[in-house]
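Enquirer: Spelled out, the chains give:
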Amino acid sequence: MSLFSFCKWMAEWTAQKMLIPIFEFQEGLFPPFTNPAGSIADWLGTDGGITTLAWLYAVNIAFAVGMTNLILVIHLERKIAARIQDRRGPMLSFRSFRELGEDLAGSAPSWKFKENYAGIGILQNLADGIKAIAKELIVPAKADKFLFTMGPIIFISSSVFLLVLFPLSDRFAASSAPAGLMVIMAAFSIAPIGVLTSGWASNNKYSMIGGMRSAAQLMSYEIPLLLSMAGVFLMAGSYDPVVIVEQQQASSWFFGIPIWNFIPQFIGFIVFMICILAEVERVPFDLPEAEAELVEGWTTEYSGIRYMFFLMAEYIRGFAGAAVATILFLGGWAGPWPIPPEIWFLTKVYLIIIFWIFIRWSVPRIRTDQILELGWKKLLPLSLINLLIVIFMVEIYPYFSEIVSLPEVF
Amino acid sequence: MLGDEYVPIGIFALIALSFPVMTFFIGRFFRPHNDNALKNSTYECGEVPVGEAHIQFHFQYYMFAILFVVFDLVVVFLILWVQVYLDLAIAAKVVMLLFLLLTLLGLWYAFRKEDVIWI
Numbered sequence: 360m361s362l363f364s365f366c367k368w369m370a371e372w373t374a375q376k377m378l379i380p381i382f383e384f385q386e387g388l389f390p391p392f393t394n395p396a397g398s399i400a401d402w403l404g405t406d407g408g409i410t411t412l413a414w415l416y417a418v419n420i421a422f423a424v425g426m427t428n429l430i431l432v433i434h435l436e437r438k439i440a441a442r443i444q445d446r447r448g449p450m451l452s453f454r455s456f457r458e459l460g461e462d463l464a465g466s467a468p469s470w471k472f473k474e475n476y477a478g479i480g481i482l483q484n485l486a487d488g489i490k491a492i493a494k495e496l497i498v499p500a501k502a503d504k505f506l507f508t509m510g511p512i513i514f515i516s517s518s519v520f521l522l523v524l525f526p527l528s529d530r531f532a533a534s535s536a537p538a539g540l541m542v543i544m545a546a547f548s549i550a551p552i553g554v555l556t557s558g559w560a561s562n563n564k565y566s567m568i569g570g571m572r573s574a575a576q577l578m579s580y581e582i583p584l585l586l587s588m589a590g591v592f593l594m595a596g597s598y599d600p601v602v603i604v605e606q607q608q609a610s611s612w613f614f615g616i617p618i619w620n621f622i623p624q625f626i627g628f629i630v631f632m633i634c635i636l637a638e639v640e641r642v643p644f645d646l647p648e649a650e651a652e653l654v655e656g657w658t659t660e661y662s663g664i665r666y667m668f669f670l671m672a673e674y675i676r677g678f679a680g681a682a683v684a685t686i687l688f689l690g691g692w693a694g695p696w697p698i699p700p701e702i703w704f705l706t707k708v709y710l711i712i713i714f715w716i717f718i719r720w721s722v723p724r725i726r727t728d729q730i731l732e733l734g735w736k737k738l739l740p741l742s743l744i745n746l747l748i749v750i751f752m753v754e755i756y757p758y759f760s761e762i763v764s765l766p767e768v769f
Numbered sequence: 056m057l058g059d060e061y062v063p064i065g066i067f068a069l070i071a072l073s074f075p076v077m078t079f080f081i082g083r084f085f086r087p088h089n090d091n092a093l094k095n096s097t098y099e100c101g102e103v104p105v106g107e108a109h110i111q112f113h114f115q116y117y118m119f120a121i122l123f124v125v126f127d128l129v130v131v132f133l134i135l136w137v138q139v140y141l142d143l144a145i146a147a148k149v150v151m152l153l154f155l156l157l158t159l160l161g162l163w164y165a166f167r168k169e170d171v172i173w174i
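So the sequences go chain by chain: A and B.
Here the first sequence stands for residues 360 to 769, numbered as in this note's numbering.
Here the second sequence stands for residues 56 to 174, numbered as in this note's numbering.
Keep in mind that the hints are not guaranteed to be accurate.
As the list claims (entries may be wrong) - Simulated pairs of lysine to any residue, SDA-like, Cα-Cα distance not exceeding 25 Å: (1) A/K737 / B/Y164; (2) A/K473 / A/D487; (3) A/K494 / B/N91; (4) A/K504 / B/E107; (5) A/K490 / A/F422.
What the hints contain is simulated information worked out from the structure, not anything from laboratory work.
Only a predicted model underlies this, so the values are computations on that prediction, with no experimental measurement involved.
Starting from the given sequences, assemble the full structure and let the hints guide the process.
Expert: Next up, the structure:
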């Protein structure tokens, strides 16, 4: 049962039992105010209405799953970072609610550290969220007010938009667009505009330099990124994530074992991993917010919930970037049978994210001219070589499969 | 209907757009608002801010920016070409590879001159 058919069943049920009676009652109550385009109750009875409602449910389920994963990613980042720095990281447990209750009741909290701070610390995210929403939003007097408000909206909404675009498996997919990966890359490349906008609008020198660095970074990684993806599109002949994963699973000339794209296109895989790391602005490439050089880079003047959402959006982009890498090169949701495909997909995504977290605390940041050199003089030729290798492989493949005609072992 | 698969993407684009807008709006009821001239001044590590940041910025890498505009278009053509590659005639493949070769020659020439242009 796919996500969409489940949502369709749910949409039919809710429409019949709840929505149609409610809208009929409302339309009976206010006859002069009925919708001139037609009654909503009638529209919900048709197939189109049910399908739209089902899609609404599907994107909301995918959004909820994505947000749950986001909390886990932030938690993993904190815990692994703490372990690398030889400390424990957040340890807040559910027992600490008792302190909160005592505090609210007016009595002095009994600080029982050994009991209250011995959990896994996932509540720290909740505490941070509450803290951020209760903080003041400061707009600098010299800032461009309109663009200062629009920049975060562009950046955050384009990042949140990424959450439903990739499927977790061929059945758990909120959107099954044939040009899925192109839509993902389009949504990815909106964000530097938001960075540049908010960096310029802050009227702060650090923000300005951060925004300009974001533009330089975009210039250096965007072309090798798309060229390294081109090899995968060529093998699959499609932009559809489902088709790409099926193609990787079908290419089994090596004793029937599926050869995922990262083996024949190893150069492309390396180039793609470097470029997607630059795209999601994680540490060796976090030039726009270089907290050692520029204060907080382009987010210097932002405070409260806006700043918290910037951090959240960066982790969403990290998660989506790892998901794209998994779909393109690591076989997506394919894996041995007893474990469901969604778990396989998330396992691969989390392995990539853990690898990135290790990189974050291991390597220094690179300079602006270095990233331009790297992008144009090293990654671009390498991605073109990868594309030529793929073209060569595709051209000789018919002969190759005739020569190597191996028996089906598995 | 053509493009049926893109309807959920459209629906979620609206949800994603309204997510930060609604959160910023709802947060208005939870957060304090104490204006203060010192708080609203530009942050410059505690110093009194000097001048504006809306200046003519020295754009050091404009050479790469020009190349980027050209190559972004080349990549758009290339991405469309690779999707239908398996069904193409041999002439279409060769022509596209020649086009790529020509642009790469231009890129090579630009990088040879880059040492002069780079400031």
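Enquirer: Each of the hints needs a verdict: does it hold here or not?
Expert: Each hint tested on the structure:
| no. | hint | in the structure |
| --- | --- | --- |
| 1 | A/K737 / B/Y164 | holds, 16 Å |
| 2 | A/K473 / A/D487 | holds, 21 Å |
| 3 | A/K494 / B/N91 | holds, 15 Å |
| 4 | A/K504 / B/E107 | holds, 15 Å |
| 5 | A/K490 / A/F422 | holds, 23 Å |
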